[in-house]
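Peer 1: Residue-level listing of the chains:
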Amino acid sequence: MANAATKTAPSAPVADVATKEEKFAKEKEALSMTFDPNKNYLFELVQQTTERELPIIDFHTRRPAPEMRHKPKVNLVFTSQVVWEGKRRMLRYYDGCTTIFADEQPKDKELIEQLIRNNKPREFLYGKFNCMGDEHFLLLYMFICSWNIESKFRTRTASGVYKCNNPDALAKAENAALDEIEEALSLAKHAAVPKMMIHGAYLGISDLDDANNEKTEKAFRAEYRRKAIDKPAAFIESYGDKKIEVRFFIRKAIKDSLIRVDRIPGKATWGSNDREICDIHGIKSTEAIEDKIFDHSQVGEDGEEFILQLNALYKVS
Amino acid sequence: MPSAIVKGATGQPGPVAYSTGLTTGVFNDLNFVIPDYIPGLVAKYGNSSYLLASEILGNTNIEQVNTSTQTYSHFEKGRPYGSGIVAATVASGAAGSNVTVTLKAPDSYNNAAFTQSPFLVNQTVKIRSNGRKCQVVTVTPTQGAFTLVLKPLGNYQVATGTGSSILQGEGLETFGNQLAGEASDSQGTQQQKLYRYDNTATVLRASVKASDLAGMNKTQIDFGNNEFYLPTLAVKEMNMQMIVNIEDAVMEGVPYSNTTNTGTVGVMPDVTNRGGEVDYVVRNFQIWDFQNFTNVLDANGGPREYHFLQALTQRQDINNLLFGIYRNGAISYASVGFSQEAAVTYGFSGFSTDTFDFHFHRYKGFTPQSIFGYTPSQGDYRADFGLGVPQGDTVDAKDNTTRPYLQWVYQQNPDIPAGLRIYSWDLGYTKNTKTTVAANFYEEIAYVGSRVIAAEQFNVLKGLQV
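First to last, the sequence lines map onto chains A and B. Going by this note's numbering, the first sequence opens with residue 1, and the numbers climb by one from there. Going by this note's numbering, the second sequence opens with residue 1, and the numbers climb by one from there.
None of these hints come from the bench; they were simulated from the model. Wrong hints could be hidden among the right ones.
[Unchecked claim] Chain A stretches covered by chain B per the calculated footprint, using a threshold of three residues with CB under 8 Å from any CB of chain B: (1) 53–65; (2) 167–178; (3) 237–243.
[As the list claims (entries may be wrong)] Within a straight-line C-alpha distance of at most 30 Å, the following computed BS3-like cross-link-like pairs (lysine-lysine) qualify: (4) Lys126(B) / Lys39(A); (5) Lys120(A) / Lys44(B); (6) Lys128(A) / Lys126(B); (7) Lys218(B) / Lys128(A); (8) Lys77(B) / Lys128(A); (9) Lys107(A) / Lys28(A); (10) Lys104(B) / Lys163(A); (11) Lys104(B) / Lys39(A); (12) Lys120(A) / Lys104(B); (13) Lys133(B) / Lys120(A); (14) Lys236(B) / Lys218(B); (15) Lys236(B) / Lys128(A).
Every residue gets a Cβ at the ideal spot worked out from N, C-alpha and C, and that includes glycine.
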């Protein structure tokens, strides 16, 4: 057969298998999950209820009744589509079945409907659903299905319903938050006084007490440390921000008349020699003038020169 | 296959905002006269009164009432029967022996401080797993860990099922003192929880401003009632939008904690916080989804009849199921005013199962395609959504009168005629008091909120996207 197609050798199957295994490693890993039969696994609804604008009053205490953060009751849906080995695949859980893949389950419609009807309904009560580790296939379904927002097999379009309440992950987040507080507190405790005053002013700490007297350093630092506890992330982030210092000194310089905004109409000038800093024509409020001068300080050589002079006024290196 | 929107609804983004008011320029195109025309305006997207839940559901579900104060209240009482959950497993000992159990938090307590439980000395307590009865010998009210000493009333163990321990999670139900005896003395009291629900009327406002000339220039279009002048159309639109805006405010609420104004709580926030929710997979609604629904209604004491406000897609899902199962129509139609033939032709309007009757109503308020003419691409919080509204009257806990479960509550000026919910003024044309601007103003304002009674009996039916 002169025209017969040339036979080609089959491609190497070993290489393909290896690629497939690598490619679908997460599927393999998911199916090999084991659960401690004596452990309770907890899942939590993702969506929290909105806080009621007006509290519900409890007659017994005459105080606002506590509001639950989740709906009282939401059922668990036992079918879900996932992306499995690159394709959509249907998961379906019912009690007593040894696979969660619908295509591997009995095909007889009446039988399957009967099995599903016999399934025990499960519910999230006030946002929580518990499952003991001996319910292997239910847990497998819970971890893999698309309703779980942490599932690696979610379809892009699936509604997110719940997540696994992982104590280790929660503890990790809690530890990270505590570390942040410790770091912020350490900065607050050891900050030099000028730095503390500048940063404290930015954080909204007044330098005057209730009697309108200037706060002592000790009193100011106590409040400063309290701020570090309240919002540690914002505290750390703003602590190293040089722009805050510039803004602080602009405000102070205007207050001390080292920068004048009233000597030449429409101009901000240095108090010592009336040299123009920038144009403030048409701007009325002090805050807007400060903003304008600050903007000037951030642009080009003129800005750099301005900051040098400003720092020299307050002996900041 | 359930239908999707085959040709996407258009008309987006809808009306034009004229921040400085209308002028004659708006109608230039319409003033083009040709010999044959219809002297009216056709609504391109049909009847635009899209929402109107009160019209859909009728007076048995929603009533419109007045309030004389911006803040208004109602009162509800809690469940009258008390129970607790065992916090930790305890060995039962010999038959007839007393057992001390600790009550689990938060399940067994009525308040956040865990100091209120329903248990009293001498009460008869039933163990749910096996029905055995015990008597409460002592109650030690340790915060969050009340302990009960339980004495079995018969010659058996205080245990779970047939075991020899009472297990963590066991349910204990109170049934008063069933064994008081002839020489009994006065005892403690149970009283269900009482709650006050406050809400406020939010203030909605709309305006139409039209130049004098716009008000004087006659068009050939009849905007209704032989009105041919430009502002008539804008005022009509304002009226229609006002009704829709009110409905959205009372249904979805108007948050205000980040403002200096007063809004209103809204129906949906109350219902979604306190009512149940049943989820199903879209385009795959099954009979057991209905059963999940009725289980929740039963647990929360819902009445016999429910009216659904539904997105059309959910209505289609339910029709698909019911048409599949009940081809010969084992359906109750009479109470919704349709003939059986009509119901079969156009979709199921009523359905009875598990002692509950359901009536289905399409509600455009859940569907942006219908109202705004676009299909969301980044999620839709009301997609395939349905709200089960209990029908009938619930008894007012305070004065024993009966009320529908939903109210639209209007605050009304005493000088305004009764029943006028939206106030309008300056609905005239040029006035001799005009000062600076040659324009006419038409203003509407409404003060309105909602009252949801026993929100626990409402239930959400939600399709999950696959």
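Peer 1: Please go over all the hints and tell whether each is borne out by the structure.
Peer 2: Now the hints, each set against the structure:
1. Given a C-beta distance limit of less than 8 Å, the hint that chain B covers the segment 53–65 of chain A holds, as 10 residues qualify and 3 suffice.
2. Counting residues of the segment 167–178 of chain A whose C-beta lies closer than 8 Å to any C-beta of chain B gives 0; at least three are required, and the coverage claim is violated.
3. Beta-carbon proximity to chain B at under 8 Å applies to 0 residues in the segment 237–243 of chain A; the threshold of 3 is not reached and the given coverage is violated.
4. About 28 Å separates the Cα atoms of Lys126(B) and Lys39(A), which keeps this hinted pair within 30 Å; it holds.
5. For the hint linking Lys120(A) to Lys44(B), the alpha-carbon distance of about 50 Å lies beyond 30 Å, and the restraint is violated.
6. Between Lys128(A) and Lys126(B), the direct Cα distance comes to roughly 26 Å. Compliance with the 30 Å bound is thereby established for this hinted pair.
7. With a C-alpha separation of about 65 Å, the suggested pairing of Lys218(B) with Lys128(A) is violated against the 30 Å cut-off.
8. At roughly 25 Å between alpha-carbon atoms, Lys77(B) and Lys128(A) fall within 30 Å of each other, so this suggested pair holds.
9. For the hint pairing Lys107(A) with Lys28(A), the CA-to-CA distance comes to about 25 Å; that is within 30 Å, so the pair holds.
10. Of the supplied pair hints, the one linking Lys104(B) and Lys163(A) holds, its CA atoms being roughly 24 Å apart against a limit of 30 Å.
11. For the hint linking Lys104(B) to Lys39(A), the alpha-carbon distance of about 19 Å falls within 30 Å, and the restraint holds.
12. For a cut-off of 30 Å, the pair hint linking Lys120(A) to Lys104(B) stands: about 24 Å separates their Cα positions.
13. As the CA atoms of Lys133(B) and Lys120(A) are separated by approximately 27 Å, the hinted pair is consistent with the 30 Å bound.
14. Among the hinted pairs, Lys236(B) with Lys218(B) is consistent with the structure: their alpha-carbon atoms are about 17 Å apart, no more than 30 Å.
15. Simply put, Lys236(B) and Lys128(A) have alpha-carbon atoms about 49 Å apart, too far for the 30 Å limit, and the pair is violated.
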